[in-house]
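Trainee: Sequence:
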Amino acid sequence: MSFVRPEALAALTRWREVALALAFAVFGLWVATRGGYFYAVLGGAICAFALGLALAAWRRLRFAPGADAPGVVEIDEGAIAYFGPETGGVVALSELDEVQATAHSSGLAWRLHQSDGTTLTIPAAARGADQLFDVFGALPGASTRTFLAAVEQPPAGTRRLWRRRAGAHEPRLPRP
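The sequence shown begins at 343 in this note's numbering and counts up by one.
Hints may be right or wrong, so weigh each one.
Label pairs and their calculated CB-CB ranges [claimed, not checked]:
#1 469 <-> 420: 34 to 44 angstroms
#2 445 <-> 416: 19 to 29 angstroms
#3 390 <-> 447: 13 to 23 angstroms
#4 420 <-> 393: 28 to 38 angstroms
Calculated directly from the structure, the hints in this document are not laboratory data. Note that CB positions come from ideal geometry on N, CA and C, so glycine has one too.
The task is simple: from the sequences and hints, build the whole structure.
Mentor: Listed below in structure tokens is the structure:
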């Protein structure tokens, strides 16, 4: 039996990455105040690193909506897979030509176009869709601010957020 309401637990779980990074920054400040130049520099470096982690976690948090849509997103071996109750599919990152934000029955959705004409529509609130933030950020010439703006103000229709330039190289994903 839990003494914490499920809604409160869900909110705390959602913000945990940001909270841990900020706690690490407070630890860096504590180290910096222990006296001496060495501890001041070490604490400042810890604090700067932690604030960078907090910023990245906050951006990732803004990218992932709190609602749940049907389906699961998996990213593996250079491919984005979406398994939904009615639709689904796989798009290879090396073949990805265009990313669009579009209005969907469950809110915002990402429409991924592959060079062979395959289109995959992924609800932004599907489980695992928050992983797409790192994928979209790794696309050549893509701006994470563009994707965050689409999440914060979803388009009424369809808006192109990224298109592969001719001769652009394959994106590099961070290793898990």
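Trainee: Work down the list of hints and note, for each, if the structure agrees.
Mentor: The hints, checked one at a time:
1. 469 <-> 420: 34 to 44 angstroms: violated (21 angstroms)
2. 445 <-> 416: 19 to 29 angstroms: holds (24 angstroms)
3. 390 <-> 447: 13 to 23 angstroms: violated (43 angstroms)
4. 420 <-> 393: 28 to 38 angstroms: For residue 393 against residue 420, whose Cβ atoms are near 31 angstroms apart, the range 28 to 38 angstroms holds.
Figure legend: structure checked against the earlier numbered hints; hints not met, in rising order: 1 and 3.
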